[in-house]
Amino acid sequence: MEFTLLWAALTAIGFSWVGTRLWSDRLPDHPTDRIIGAAVGGLIVGRLVAMASQGINPLTHPLDILIVRGGVHTGAASVGAIVTYLWADKWRIADLDATAPAAVLGLAGWHAGCLWRGACLGTASGLPWTWAEPGSAVTRHPVEIYAAAGLIVAAWLVSRLPWRLLTRAGAALAVVGLVRLLTEPMRPSLTGGPVGWYVAAVAFGGLGMWLGPRLAGHRVTAPT
Amino acid sequence: MPSRDRPLGQLFTMLKRSLVLMLILVACGGTATPGPDDVGSRPDLPPTTAEEFEAHLGGIDRPAVVTVWASWCLPCRSEAPLLNQAYEQYGSQIEFIGVDVQDSQTNAKAFLAEFGLEFDHFFDRDREVVNFYAGIGTPVTFFFAPNGELFKTHNGILDERTLALNIDELLRLGS
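Chains as they are written, first to last, in this note's numbering: chain F, 1 to 224; chain R, 225 to 399.
No lab work stands behind these hints: they were computed from the structure.
Just so we're clear, the structure is a prediction, and the values are computed from it rather than from any experiment.
Honestly, I wouldn't trust all of these hints.
[As the list claims (entries may be wrong)] Going by beta-carbon spacing under 10 angstroms, a handful of chain F positions derived as facing chain R:
1. Ser-53
2. Ile-56
3. His-61
4. Leu-63
5. Asp-64
6. Ile-67
7. Thr-123
8. Glu-133
9. Gly-135
10. Ala-137
11. Gly-150
12. Arg-187
The beta-carbon is built from N, C-alpha and C at its ideal position, and this holds for glycine as well.
Could you build all of it, start to finish, from the sequences and the hints given here?
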């Protein structure tokens, strides 16, 4: 992992830690450990899937797994992170709600880490708050700062939601997908970005918000 | 209590099995390894010096992306698909050039056969070109203005954002 990327990761972990202090109601034991575990699990799964899609066999090139900068499949990483969290939490899905705002804040920190990496800028724009790359006269949208600001607001909104099964976790997934979806057109890209995955995040997050409380209600009233 | 947890428990078991299956499929994903014929039929990469390379760039009337790679370089494998994508998309507007450093011709040709970087490449065993333009390590990517003037150097592995943004800058310089 590159040093600059490591700084971004540490910023994300720091923001997540701040989130767990801000919204400490009904947190599970050691939430930061679980968030870090989920991040590592997500990175490994995302990297493996990215390697497979590039035609690189992890068994014949195992060291490539460590080169995180070489590409991480965003969608697979998200699924990997959630599954790792649930596994670490003995599948207590309700605890996802507890750390959801902190996780969103951590993602905001990851985006804000662009200030350390010198990687904030996106498409060209003449708006007054835009700035240029070193050595260039072309001013550009600070798209990663937009994303960080959007996610900070989103984290606060998620923390205000009622405590019901998957309500906060579903909302967190949906708003993260929405923020990425809204900022993606301003992000320099050769492929257009994994827009489908962001749409899926919004849809699955919404589904979780809708389905979770109903599942919980069913479980409470079901005959034992 | 157990009956209340059953539907979610089944869901999680299914998710666990899906993840394990996904990991197994990923681990089994084959890499297309080039055969001896693929490598043997390729011509040797033309050797170059810093002066020759500078003169070559000066004769190109459009912006250029120069990627410095080597067959032993792990990150070079990861960025190869990205360079291929950029070449497919912008090859008509921007010159893409590869410089293979500290390598053997056989290994270099095997690398190209495996990753299919179909633009022009030069062989620079002693890193003369990289040292001339003050690049550090491998991989390095140099971005050149149409007159062959160095616009930007990116040391280390390239990510999609950096490549796309600098291509955008080059196209604005060229227009």
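Hint by hint, here is what the structure shows:
1. Ser-53: holds (8 angstroms)
2. Ile-56: holds (6 angstroms)
3. His-61: holds (7 angstroms)
4. Leu-63: holds (6 angstroms)
5. Asp-64: Hint on Asp-64 of chain F: holds, closest Cβ of chain R at ~6 angstroms, below 10 angstroms.
6. Ile-67: holds (5 angstroms)
7. Thr-123: holds (8 angstroms)
8. Glu-133: The hint holds - Glu-133 of chain F has a Cβ within 10 angstroms of chain R, the shortest such distance being about 7 angstroms.
9. Gly-135: holds (7 angstroms)
10. Ala-137: holds (9 angstroms)
11. Gly-150: violated (18 angstroms)
12. Arg-187: holds (7 angstroms)
In summary, the one numbered hint that this structure violates is 11.
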